[in-house]
Amino acid sequence: MIECLRSSTRPVKLAKIFGVSYVAVKNWAYSGKIKYIKTPGGKYRYPESEIKMLLGEAPKGRVAIYARVSSEDQKEDLERQKQRLVEYAKSKGL
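Note that the numbering used here has the sequence shown beginning at 47, numbered continuously upward.
There may be inaccurate statements among the hints.
[Said to hold, decoys possible] Below are the DSBU-like pairs computed for lysine-lysine, each with C-alpha atoms no more than 35 Å apart in a straight line:
no., residue 1, residue 2
1, Lys84, Lys59
2, Lys62, Lys89
3, Lys59, Lys79
4, Lys59, Lys81
[Claimed, not checked] Per label pair, the in silico range of CB-to-CB distance:
no., residue 1, residue 2, range
5, Ala135, Leu100, 23 to 31 Å
6, Lys72, Gln129, 43 to 51 Å
7, Ser95, Gly139, 13 to 21 Å
8, Lys72, Gln120, 56 to 64 Å
9, Tyr134, Arg56, 36 to 44 Å
10, Ala113, Gly65, 41 to 49 Å
11, Lys72, Glu125, 50 to 58 Å
12, Ala113, Lys84, 44 to 52 Å
13, Leu131, Ser95, 27 to 35 Å
14, Leu140, Val115, 22 to 30 Å
15, Phe64, Asp123, 48 to 56 Å
16, Arg114, Val69, 53 to 61 Å
17, Arg126, Glu94, 37 to 45 Å
18, Gly87, Glu133, 47 to 55 Å
No lab work stands behind these hints: they were computed from the structure.
For glycine and all other residues, C-beta sits at the position ideal for the given N, C-alpha and C.
Produce the entire structure from the sequences given, and follow the hints as far as they go.
Structure, rendered in structure tokens:
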């Protein structure tokens, strides 16, 4: 938990980053819009990963595609399947 607190931000600083009030940040936490860590002293801290996610800086996850055919004779079909899956993933921003 100590490591999590080192890479976290206080509500007032988070409010300044987003240009909102301290109360708005607390409301985000209560409504589940942003995850928080509660310290043993009852203080709220917001992980850097959550802040990056809200700012749109979160790293994208990995995506796996899977294509198969039932025989060697369908190798062209396999390539077509693969291409369609790649295009679909790209169109969805994956």
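Verification of the supplied hints:
{"no.": "1", "hint": "Lys84 to Lys59", "in the structure": "16 Å, holds"}
{"no.": "2", "hint": "Lys62 to Lys89", "in the structure": "18 Å, holds"}
{"no.": "3", "hint": "Lys59 to Lys79", "in the structure": "17 Å, holds"}
{"no.": "4", "hint": "Lys59 to Lys81", "in the structure": "15 Å, holds"}
{"no.": "5", "hint": "Ala135 to Leu100: 23 to 31 Å", "in the structure": "25 Å, holds"}
{"no.": "6", "hint": "Lys72 to Gln129: 43 to 51 Å", "in the structure": "49 Å, holds"}
{"no.": "7", "hint": "Ser95 to Gly139: 13 to 21 Å", "in the structure": "19 Å, holds"}
{"no.": "8", "hint": "Lys72 to Gln120: 56 to 64 Å", "in the structure": "58 Å, holds"}
{"no.": "9", "hint": "Tyr134 to Arg56: 36 to 44 Å", "in the structure": "42 Å, holds"}
{"no.": "10", "hint": "Ala113 to Gly65: 41 to 49 Å", "in the structure": "46 Å, holds"}
{"no.": "11", "hint": "Lys72 to Glu125: 50 to 58 Å", "in the structure": "54 Å, holds"}
{"no.": "12", "hint": "Ala113 to Lys84: 44 to 52 Å", "in the structure": "46 Å, holds"}
{"no.": "13", "hint": "Leu131 to Ser95: 27 to 35 Å", "in the structure": "29 Å, holds"}
{"no.": "14", "hint": "Leu140 to Val115: 22 to 30 Å", "in the structure": "23 Å, holds"}
{"no.": "15", "hint": "Phe64 to Asp123: 48 to 56 Å", "in the structure": "50 Å, holds"}
{"no.": "16", "hint": "Arg114 to Val69: 53 to 61 Å", "in the structure": "54 Å, holds"}
{"no.": "17", "hint": "Arg126 to Glu94: 37 to 45 Å", "in the structure": "43 Å, holds"}
{"no.": "18", "hint": "Gly87 to Glu133: 47 to 55 Å", "in the structure": "52 Å, holds"}
In this structure, every one of the numbered hints holds.
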